[in-house]
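With these hints in hand, go ahead and build the complete structure from the sequences.
Under this note's numbering, the first residue of the sequence shown carries the number 1, and numbering increases by one thereafter.
Everything labelled a hint here was simulated from the structure, so no lab data went into it.
In this text the structure is predicted, and so the values were computed from the model without any measurement.
Errors might be hidden in some of the hints.
[Claimed, not checked] Across the chosen pairs, the derived CB separations fall in these ranges: (1) F59 with N32: 36 to 42 Å; (2) N32 with S55: 32 to 38 Å; (3) I113 with V25: 56 to 62 Å; (4) V34 with E71: 40 to 46 Å; (5) K84 with E58: 38 to 44 Å; (6) D29 with D69: 28 to 34 Å; (7) L23 with S62: 37 to 43 Å; (8) E58 with K95: 25 to 31 Å; (9) I110 with L27: 26 to 32 Å; (10) K84 with A119: 50 to 56 Å; (11) I110 with D44: 36 to 42 Å.
Glycine included, every Cβ here is placed at the ideal spot set by N, Cα and C.
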Amino acid sequence: MTDKKLEGWGLILILVSFGWQFLEVNLTDLSNEVDKYQLHEKVDDLYMIIADAYSNSEFNNSQVRSSVDFETINRNWKYWKGLKREKESLVGQLKWTFYLKSLLFIIGSIFLIIPKFRAIKE
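Structure (structure tokens):
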């Protein structure tokens, strides 16, 4: 393979690994956003349950009353074990793609370096 072709393939491999990194970062960011959303949803549900219990207690001296649809909250509640299981496939994909992406970057870098050493020999 000529030096120019080797450099060209090296640049392509590095570019692919860089684009792959962008995709992985976006997937990780989206996954973190989903986690935060679900956490905030749970905190809101807990607040509503506590507000309902307090507003209907003898300690509430105000006119404010709260009513919560506990059945819906209970039906939609996701336990951590279930949430973690949902993310296992994404985590597994990110693990093996990390190694593949790293391999592409290393091979691409080597393809760029080899012609430089050949030029020094000549």
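Item to complete: List in ascending order the numbers of the hints, as given earlier, that are violated by the structure.
Response: 3, 4, 7, 8 and 11
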